[in-house]
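As given, the protein sequences belong to chains A and P, one line each in that order. Numbering follows this note's numbering, in which position 92 of the first sequence is assigned residue number 92; successive positions increment by one, without gaps. Numbering follows this note's numbering, in which position 343 of the second sequence is assigned residue number 343; successive positions increment by one, without gaps.
Please keep in mind that the hints were generated in silico from the structure rather than gathered at the bench. Keep in mind the model is a prediction, meaning the values are calculated, not measured. Do not rely on the hints blindly, as some may be mistaken.
What the hints assert, rightly or not - Over the 10 Å line for every Cβ pair with chain A, so calculated as not near, a few chain P residues: (1) E27; (2) T79; (3) E83; (4) A139; (5) H140; (6) K142; (7) A164; (8) R178; (9) T205; (10) K217; (11) D261; (12) G283; (13) T340; (14) P374; (15) L389; (16) K402.
Said to hold, decoys possible - Which stretches of chain A does chain P cover? Using the computed rule of at least three CB atoms under 8 Å from a CB of chain P, they are: (17) 21-33; (18) 71-83.
Think of the CB as a built atom: it goes at the ideal place given N, C-alpha and C, for glycine as much as any other residue.
Residues per chain, in single letters:
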Amino acid sequence: MAKITYIEHDGKEHTLDVADGTTLMEAAVKASVPGIDGDCGGACACATCMVFVPQEWWDKLPPKEDMEETMLEFAEYAEANSRLSCQIVAGPALDGMKVRMPESQH
Amino acid sequence: MSDEIIIIGAGQAAAQAVQSLRAEGFEGPIRLFGDEPYAPYQRPPLSKKFLAGEIGYDRVELKAPDFYAASGVATHFSTRVTEIDRRNKRILTGDGQEFPYGKLLIATGSRVREINVPGFDLEGVHYLRNIDDVTSIQAHFKPGAKMVVVGGGYIGLEVAAVAAKRGIDVTVLETADRVMARVVDPIVSHFYERVHREEGVKIETGVTVAGFEGETKVEAVVSGEGGRYACDLVVVGIGILPNTELAAEAGLKVENGIAVDELCRTSDPDICAAGDCTSHPNGIYGARLRLESVHNAIEQGKTAAATLAGHEKPYNQVPWFWSDQYDLKLQIVGLSTGYTQAVVRGDPAAGRSFAVFYLKDGVLIAVDAINRAPEFMMAKMLTAKRAKLDPARIADESIGVKEIAG
Numbered sequence: 001m002a003k004i005t006y007i008e009h010d011g012k013e014h015t016l017d018v019a020d021g022t023t024l025m026e027a028a029v030k031a032s033v034p035g036i037d038g039d040c041g042g043a044c045a046c047a048t049c050m051v052f053v054p055q056e057w058w059d060k061l062p063p064k065e066d067m068e069e070t071m072l073e074f075a076e077y078a079e080a081n082s083r084l085s086c087q088i089v090a091g092p093a094l095d096g097m098k099v100r101m102p103e104s105q106h
Numbered sequence: 001m002s003d004e005i006i007i008i009g010a011g012q013a014a015a016q017a018v019q020s021l022r023a024e025g026f027e028g029p030i031r032l033f034g035d036e037p038y039a040p041y042q043r044p045p046l047s048k049k050f051l052a053g054e055i056g057y058d059r060v061e062l063k064a065p066d067f068y069a070a071s072g073v074a075t076h077f078s079t080r081v082t083e084i085d086r087r088n089k090r091i092l093t094g095d096g097q098e099f100p101y102g103k104l105l106i107a108t109g110s111r112v113r114e115i116n117v118p119g120f121d122l123e124g125v126h127y128l129r130n131i132d133d134v135t136s137i138q139a140h141f142k143p144g145a146k147m148v149v150v151g152g153g154y155i156g157l158e159v160a161a162v163a164a165k166r167g168i169d170v171t172v173l174e175t176a177d178r179v180m181a182r183v184v185d186p187i188v189s190h191f192y193e194r195v196h197r198e199e200g201v202k203i204e205t206g207v208t209v210a211g212f213e214g215e216t217k218v219e220a221v222v223s224g225e226g227g228r229y230a231c232d233l234v235v236v237g238i239g240i241l242p243n244t245e246l247a248a249e250a251g252l253k254v255e256n257g258i259a260v261d262e263l264c265r266t267s268d269p270d271i272c273a274a275g276d277c278t279s280h281p282n283g284i285y286g287a288r289l290r291l292e293s294v295h296n297a298i299e300q301g302k303t304a305a306a307t308l309a310g311h312e313k314p315y316n317q318v319p320w321f322w323s324d325q326y327d328l329k330l331q332i333v334g335l336s337t338g339y340t341q342a343v344v345r346g347d348p349a350a351g352r353s354f355a356v357f358y359l360k361d362g363v364l365i366a367v368d369a370i371n372r373a374p375e376f377m378m379a380k381m382l383t384a385k386r387a388k389l390d391p392a393r394i395a396d397e398s399i400g401v402k403e404i405a406g
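Just chain P, with the same shape it has in the complex:
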């Protein structure tokens, strides 16, 4: 019987798991598969400093190049795993090989949601998920170029911000009636729309994309509302989908993401899963969550590694996220879904610094902090404690952040 741990996927969760497996005392062989040609790297900078050209590959790669070999990890990059054969405890790869496993970690991450309209395959229509995506977008980054961003979420708006700084003429098209509609209150959406407009980006909401026009290369985006937006370049950022297919085909339980428990175990005791591809039961929110974040990938990577090494390190944390656009640092604690009251601290209509506290029946469930580190740090603590807060104290800036809970 093999004692090898195989990790499918080579992203943030996988890199963390390798490190944590060794830290947890697992001394057996580890084998890592990734379908990209690169060793695990950080994705968040791809739509920020890496896209802007401020940092290169060496500063997004997660580990030193010799880390994997030094940690006794056999790596198979540019290799896609095509099947998990649970009966025989082996995995099959796209190049026809098979590898037996003792235990398995699925860390397959997520992929971009694709846009299925006429002209989707024209040259110049890009997504942003991988290093190679960024490299091909950068090739079009010339001052004066016209760019249309499809989707006003984090990725779309971060790309818009970087491009605007480079002198590119940017238009963002968003289907909903406001940007970031899925994740923040209208107060925050309208604030971001104002800032982007101040920075020269055109934001059009309530616009659906009907198709892309051009001979071989995209020349315009046509909207369902009859608009036509001439462009040299399109970046589509309309969300991601968890890579659950391998798990589902192997008969593992999938509930929005690959279903895991608080120890990152799937419905097969020999198989764990971690990161974007999973959904987990979160005790703080009393719900099964699928999270798209680095924090989740890192923490689940640690938990899965502990479980695989025979220890228990339950994962039950308040999620957090961040987004950098222009001089704005947005830090989000928690999930605001189902909030009953949004309380603002600071003035979103003027300046560039405020926070929104989301309460559900008086209990703090989330905070959006824009250039407000104190509120962010305090909120991390208060959300985990399910603190009941007085809205009047939140809104009163004469009361210090540390005293906000009374």
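In isolation and in its complexed conformation, chain A is listed as follows:
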């Protein structure tokens, strides 16, 4: 279990308990956190679940696979610290992580 805080573009925070082995996107969609769409349900096909990961947590994440890398390279609101939350699997190492959401996923 990891406590993850999702911060909306306007600063509103949502803290969720994300079960180990499930993704940050799944938890956000299930809890209806605004700003995470996850249209494709986690198939890494749509880039509508982007989050920004602060530096102190960035290195705790496994590196991006090619698909995620290229999807992000072309996503409109992507920045250097963007990840797709459907590719971030929760575990104890991520407990306490805070991620920010972009202005829009489309």
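Using the hints provided, position chain P relative to the given structure of chain A.
Frame of chain A, contents of chain P only:
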């Protein structure tokens, strides 16, 4: 007068609408009806990871179990709505109850097209639309079992891919002269046929199904061309039909799907519709479209919710779709119907990564991207802009995807 919003149907559009209704500030009561015993869940994984057993129910359900109650939504699962009585603004259910509505959202989705040949009701002949369908197919998933897939569309080919990986002997029968004929260029069809053959799946095109043989359980598929395919299991995937009957019987306008405008309003101002069951006017394509996709369900769910809550959030987007088979991720942007030129980027004859750009009089209208995320993402943008592209630049891989439009 009731201020309740009733949602008929409990799929992706319905779940989105519930969430968006609250986000749009609607505070009145909401009531949700679904004829399956389950709360809204995702269908795309059913023919992919869920069928493969990689994920279970908890990972396909769309919302946490307490979401509906917490959102002030009364749920009626395993309950079929049998009539919309517009005059009295109420709906009637199969168990004899009636509920008044202030406003109504029809999100009845679609159902499988059934095959009407002798032996259609034999045990072992399956469709794939619902969780229960998958559970009964999985019961037959034993290595060495023989499976015939009727229909070489997305569902059929995804099932074939999952089954082949499980050591099942798979034959796909397709009526047209190539797989996925309805949605992609022959270049893409032939590529998929090659990959399936490389993975051990037999693909037979130009084959019509005349019937199923067996005592109580299916033992063979017989073709109109005189072939006989012994099998333990059949999965039929020959398309879906929009569930428009309730709307039509209530006198709402139906044009291929339940006719809605860009705000998801039907011909009755108190009734919206969203998802697979609708057809909508699409400004980008200048045509009325009925789409079978999650993206459409989600976006129309948002738009319908906004309309029902008294706001305007017009829906006018480029559709997109995806399909996972083996290590192939097919991402489709747009609709290629009516294209005048298909331009290939990459080599479909070798390897497993290329894209096809569909142009209509020079304007990009659709892209099929196979393991080509950059092309897919770029195409989303360019299709929405109705970009005019130079075919030579598309085909030239020395030109980066970002520079493709010049």
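Are all C-beta atoms of chain A more than 10 Å from that of P/A139? Label holds. Min Cβ-Cβ 24 Å, cutoff 10 Å.
Given as non-interface: P/P374, which should sit over 10 Å from chain A by C-beta: violated (5 Å)
Should the label of P/D261 as a non-interface residue stand, given a Cβ cut-off of 10 Å to chain A? The assertion about P/D261 holds, with a minimum of 21 Å to chain A.
Establish whether the coverage given for the region 21-33 of chain A by chain P is satisfied; the threshold is a Cβ-Cβ distance below 8 Å, and no fewer than three residues must meet it. Holds: 6 residues of the region 21-33 of chain A have a Cβ under 8 Å from chain P.
Compute the least Cβ-Cβ separation between P/R178 and chain A, then decide whether it is above 10 Å. holds (24 Å)
Beyond 10 Å on every Cβ pair: is that true for P/E83 relative to chain A? holds (31 Å)
Distal placement of P/H140 relative to chain A, Cβ over 10 Å: holds (25 Å)
A cut-off of 10 Å on Cβ-Cβ distance, and P/L389 was said to be off the interface with chain A. Does that hold? holds (16 Å)
Since P/T79 was said not to touch the interface, does its Cβ keep a gap of more than 10 Å from each Cβ of chain A? Since the minimum Cβ distance to chain A is about 23 Å, P/T79 lies beyond 10 Å and the statement holds.
Under 8 Å between beta-carbons, do enough residues of the region 71-83 of chain A, three at least, approach chain P for the coverage claim to hold? Answer holds; 5 residues pass the 8 Å Cβ test.
Confirm or reject: P/A164 is not an interface residue toward chain A, with every Cβ-Cβ distance exceeding 10 Å. Label holds. Min Cβ-Cβ 19 Å, cutoff 10 Å.
Would you assess whether P/K217, listed as outside the interface, keeps its beta-carbon beyond 10 Å of every beta-carbon in chain A? holds (34 Å)
Against the hints set out earlier in the document, violations occur for numbers 14, 16.
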